[in-house]
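Each chain, letter by letter, is given below.
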Amino acid sequence: MSEIKRYNNSLNLSHVVEAQQFDRETILNNLFPLVDRMKANVAKGARKKALRGYQVISWFEESSTRTAASFALAVDWLGGKIVYSTENAKTFSSRAKGESIEDTIRILSECYHADIVVGRFANNGDAVAAASVAVGKTFIVNAGDGDNQHPTQALLDMYTIHEKFERLDNLTIGLVGDLANGRTVKSLAYLCGKFEGIKLYLVSPEQCKLDQGVKDYLNKHHVFYEEADDLRPVAQELDVLYVTRPQLERDTKLTEADMEPGRFSVDQTVLAELPDEAIILHPLPRTWELPTFVDIDLRACYFEQAENGLYMRMALLKMISHSLPKR
Amino acid sequence: MSEIKRYNNSLNLSHVVEAQQFDRETILNNLFPLVDRMKANVAKGARKKALRGYQVISWFEESSTRTAASFALAVDWLGGKIVYSTENAKTFSSRAKGESIEDTIRILSECYHADIVVGRFANNGDAVAAASVAVGKTFIVNAGDGDNQHPTQALLDMYTIHEKFERLDNLTIGLVGDLANGRTVKSLAYLCGKFEGIKLYLVSPEQCKLDQGVKDYLNKHHVFYEEADDLRPVAQELDVLYVTRPQLERDTKLTEADMEPGRFSVDQTVLAELPDEAIILHPLPRTWELPTFVDIDLRACYFEQAENGLYMRMALLKMISHSLPKR
Amino acid sequence: MSEIKRYNNSLNLSHVVEAQQFDRETILNNLFPLVDRMKANVAKGARKKALRGYQVISWFEESSTRTAASFALAVDWLGGKIVYSTENAKTFSSRAKGESIEDTIRILSECYHADIVVGRFANNGDAVAAASVAVGKTFIVNAGDGDNQHPTQALLDMYTIHEKFERLDNLTIGLVGDLANGRTVKSLAYLCGKFEGIKLYLVSPEQCKLDQGVKDYLNKHHVFYEEADDLRPVAQELDVLYVTRPQLERDTKLTEADMEPGRFSVDQTVLAELPDEAIILHPLPRTWELPTFVDIDLRACYFEQAENGLYMRMALLKMISHSLPKR
Numbered sequence: 001m002s003e004i005k006r007y008n009n010s011l012n013l014s015h016v017v018e019a020q021q022f023d024r025e026t027i028l029n030n031l032f033p034l035v036d037r038m039k040a041n042v043a044k045g046a047r048k049k050a051l052r053g054y055q056v057i058s059w060f061e062e063s064s065t066r067t068a069a070s071f072a073l074a075v076d077w078l079g080g081k082i083v084y085s086t087e088n089a090k091t092f093s094s095r096a097k098g099e100s101i102e103d104t105i106r107i108l109s110e111c112y113h114a115d116i117v118v119g120r121f122a123n124n125g126d127a128v129a130a131a132s133v134a135v136g137k138t139f140i141v142n143a144g145d146g147d148n149q150h151p152t153q154a155l156l157d158m159y160t161i162h163e164k165f166e167r168l169d170n171l172t173i174g175l176v177g178d179l180a181n182g183r184t185v186k187s188l189a190y191l192c193g194k195f196e197g198i199k200l201y202l203v204s205p206e207q208c209k210l211d212q213g214v215k216d217y218l219n220k221h222h223v224f225y226e227e228a229d230d231l232r233p234v235a236q237e238l239d240v241l242y243v244t245r246p247q248l249e250r251d252t253k254l255t256e257a258d259m260e261p262g263r264f265s266v267d268q269t270v271l272a273e274l275p276d277e278a279i280i281l282h283p284l285p286r287t288w289e290l291p292t293f294v295d296i297d298l299r300a301c302y303f304e305q306a307e308n309g310l311y312m313r314m315a316l317l318k319m320i321s322h323s324l325p326k327r
Numbered sequence: 001m002s003e004i005k006r007y008n009n010s011l012n013l014s015h016v017v018e019a020q021q022f023d024r025e026t027i028l029n030n031l032f033p034l035v036d037r038m039k040a041n042v043a044k045g046a047r048k049k050a051l052r053g054y055q056v057i058s059w060f061e062e063s064s065t066r067t068a069a070s071f072a073l074a075v076d077w078l079g080g081k082i083v084y085s086t087e088n089a090k091t092f093s094s095r096a097k098g099e100s101i102e103d104t105i106r107i108l109s110e111c112y113h114a115d116i117v118v119g120r121f122a123n124n125g126d127a128v129a130a131a132s133v134a135v136g137k138t139f140i141v142n143a144g145d146g147d148n149q150h151p152t153q154a155l156l157d158m159y160t161i162h163e164k165f166e167r168l169d170n171l172t173i174g175l176v177g178d179l180a181n182g183r184t185v186k187s188l189a190y191l192c193g194k195f196e197g198i199k200l201y202l203v204s205p206e207q208c209k210l211d212q213g214v215k216d217y218l219n220k221h222h223v224f225y226e227e228a229d230d231l232r233p234v235a236q237e238l239d240v241l242y243v244t245r246p247q248l249e250r251d252t253k254l255t256e257a258d259m260e261p262g263r264f265s266v267d268q269t270v271l272a273e274l275p276d277e278a279i280i281l282h283p284l285p286r287t288w289e290l291p292t293f294v295d296i297d298l299r300a301c302y303f304e305q306a307e308n309g310l311y312m313r314m315a316l317l318k319m320i321s322h323s324l325p326k327r
Numbered sequence: 001m002s003e004i005k006r007y008n009n010s011l012n013l014s015h016v017v018e019a020q021q022f023d024r025e026t027i028l029n030n031l032f033p034l035v036d037r038m039k040a041n042v043a044k045g046a047r048k049k050a051l052r053g054y055q056v057i058s059w060f061e062e063s064s065t066r067t068a069a070s071f072a073l074a075v076d077w078l079g080g081k082i083v084y085s086t087e088n089a090k091t092f093s094s095r096a097k098g099e100s101i102e103d104t105i106r107i108l109s110e111c112y113h114a115d116i117v118v119g120r121f122a123n124n125g126d127a128v129a130a131a132s133v134a135v136g137k138t139f140i141v142n143a144g145d146g147d148n149q150h151p152t153q154a155l156l157d158m159y160t161i162h163e164k165f166e167r168l169d170n171l172t173i174g175l176v177g178d179l180a181n182g183r184t185v186k187s188l189a190y191l192c193g194k195f196e197g198i199k200l201y202l203v204s205p206e207q208c209k210l211d212q213g214v215k216d217y218l219n220k221h222h223v224f225y226e227e228a229d230d231l232r233p234v235a236q237e238l239d240v241l242y243v244t245r246p247q248l249e250r251d252t253k254l255t256e257a258d259m260e261p262g263r264f265s266v267d268q269t270v271l272a273e274l275p276d277e278a279i280i281l282h283p284l285p286r287t288w289e290l291p292t293f294v295d296i297d298l299r300a301c302y303f304e305q306a307e308n309g310l311y312m313r314m315a316l317l318k319m320i321s322h323s324l325p326k327r
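Respectively, the protein sequence lines represent chains R, Y and B.
If you're matching positions, the first sequence starts at 1 in this note's numbering and goes up one per residue.
If you're matching positions, the second sequence starts at 1 in this note's numbering and goes up one per residue.
If you're matching positions, the third sequence starts at 1 in this note's numbering and goes up one per residue.
So here's chain R without its partners, still in its complex pose (with noise of 0.2 Å):
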């Protein structure tokens, strides 16, 4: 109780643009309990008012659905409005007339005065320029940004790690698949900087593996990892299993034996090397690498991960509310 108070009169979120914006303690102290509030909340069926009155847009350039989806659930939830929305701005806004992403969001800001853009960005970098650009109390929300980031997953991925194991320290985490084109992955290990201990298996592809950059931010923030071409023989040290799909539509290009059942993806193997109180996660939407027969798995948390997506971004935009002109 003491913790949500300390949090409410002194966190003013504006921004979410990057995971590493995130520290430590207001991730542990500040961002979780108010998820674990909006949690309650939700199952209590108890409406609130944070966002009465303010206008927010859905920004999307790119096709999503759990993201946008639950930003928008999370937006009524808070008694707010999407004023406006797009699904495919790339196509069918004046993005494709050839439009900059600052000018569109001095538009939306300066000239509309929206009071919150939740963003997916089509291009690399386009939610910090789309920051940059935000004049007065509009803020933006980065809800993916090409194959960059997308923190507000990143942070619930955390979050449904920190709930079944008490502690975000101290953990071996396999991240698995394309990690060279999963934004989700990147913004997972920038956020893993943050924490003691964390030691994770990049398990890729020769072609799909982790950008040098964050690599090198893992190194820096004494992040523990090793690269790997298998999942099953790293299975059995594994506290988290982290998923992901081939990213075809940004050409990700696998062969024959990439796809080779528990290399790259779950199976039968794989979840009898894997320990019984290892946790199975996923961005979603899954392919062929994470079979239906494993949601029936005891360690499958995946569909939780996504339902805490909804508690996640309703705590991240009541705390952007705080930083909100009162209305």
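Take the hints with a grain of salt, since some may be wrong.
The list cannot tell twin chains apart, which means a pair is met if one copy fits it or any two copies do.
[Claimed, not checked] Listed below are the simulated DMTMM-like cross-link pairs for lysine to aspartate or glutamate, each with C-alpha atoms no more than 20 Å apart in a straight line:
(1) K44 to E110
(2) K97 to D169
(3) K199 to E237
(4) K199 to D23
(5) K164 to E304
(6) K97 to E249
FYI, nobody ran anything at the bench for these hints, they're computed from the structure.
Starting from the known structure of chain R, fit chains Y and B onto it as the hints suggest.
Relative to chain R, chains Y and B alone:
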């Protein structure tokens, strides 16, 4: 009045997935009187609160105007909100990344707790699949699935026929056009099986004949039907002339002969043959098969039919609201 | 104050379909003072109820950002709701199945009783067609029809000019760029015909000249115009430099010579020639014809112009609300 009371107390509609799920008594004694009431409410401008506080998702994988708009307006008349909508989920949601309908619906239902998902599904059978995984208190409304069914359309068609004839028994109905690919016609045929003494003329080109499965159903339920390859000779026997559009987007191929005016379309000959007390219906949109000169014919009822779509969807949503937890 | 009172009592705007429908007195005495009031309301954060309980449909057949978003926000500021919206109706509505605009609008109006339909139409003349079939109390707002007209844009342009010069008579305006395909420029030219002593420079490549029909209108209404093929020599005479984007999506072809900086675009030479008290406008989105280095020039008014779009659309919707039945 006693009917309505009875309805309010006894009928809790949950999922709406296929026309067959409705029985004669529900249709005539519960649903239609409620549609009447909705129509009267709208005429009076009386907004209602049946859906107040509930979160409705409008999930359209394929293009639509009438269905999507009328559901949206129906939700608003009932005091509810479309909290999240997508108008082309096939291309712009995670469905485009290979997600199964089961995963999508689990997310919207189990994870995000949507109250109602109004879905137009690209694939046959996905409405049933969706309802099978929706948990708790999320209800699915089939707003068309592939070329399989469109139950809310068929119900509004029947309501319009009932409004004009004050009965649904002992009618001769001509179903004209693309009977192979039109989901509306199939749902309508299924509903015909609930009533007595209906005779259907199935008037279609050879390559667009009604599915054998539907014809088996008609046989089993004692609906007499006769296939024909020209509308003109049978027009004089019809109570209801139900014209449909060739579904060119579903690769319906028509020959030059098929497009001869009056054969599978309405022309002056058809109008001359059609009895004075008959009515002309069309689910719309229409193309050349129903020329605009028919609009001033007193037997033309297709715009009233479309209007009834608003009231029918209000009634169905109101019936579903009885099954939702109190808010 | 007396102006506003008079306006409130006398002006009931119905459809907004083309610039010519507005006369000088309505613009100066009724509309502009109301825009001022809307601007003041937004600055104070004063939400209004003019549209409360009304159902607005946002029907966009083509891509848009500014127009669609500003209408959506305007509706919200006035307490109304966009009950149904489509952002790419050309592809994803029944229009894609061959439905005529007349049928579409009859459905939204006659069948579904929408109060206001804000429409961006793919085809020239469809706004007029829409208004001609809208029955009862459904009003159409033309948010751009093909390359024909964009009256709300032209009105906000004129408002911005009036805000700066406190007059609309006796001004020299340079219209620069793609005058053949830009609907904004055409609507603006029509509005110029309502005022006295306006001189237009029509600065465009040979293949992008203003339509003869618009020029005939200008002649008839005593608007002096001169065509030019280079901006630089005429810049020094301008009060208003109105730059437009080559509408590449409408197959505008430009030669290498056309793209020479300063010829049909703004460069340092143009800025040097342009009088100090002149203003630079652009309907946005912009591409290379208006480089971002112009943004810090004190004469650059295009973001204020965009902002005025919100207030202008609020004012127009408020005027329409006076014609709607009481709710």
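*Indicate which option fits the pair K199, E237 if close means a Cα-Cα distance not exceeding 20 Å: within, between, both or neither.*
For K199 and E237, the Cα distance is within 20 Å only inside one copy (10 Å; across copies 69 Å).
*Is it within, between, both, or neither for K199 and D23, if the alpha carbons may be no more than 20 Å apart?*
Result: close within a single copy only, 19 Å intra versus 61 Å inter.
*Check K97 against D169 for me: Cα-Cα at most 20 Å, and say if that holds within a copy, between copies, both or neither.*
neither (47 Å within a copy, 33 Å between copies)
*Intra- versus inter-subunit Cα pairing at 20 Å for K44 with E110*: between (38 Å within a copy, 16 Å between copies)
*Homomeric proximity label, K97 with E249: Cα distance no greater than 20 Å*: between (22 Å within a copy, 8 Å between copies)
*Are the CA atoms of K164 and E304 at most 20 Å apart within a copy, between copies, both, or neither?*
within (11 Å within a copy, 51 Å between copies)
Of the numbered hints given earlier, the model fails hint 2 alone.
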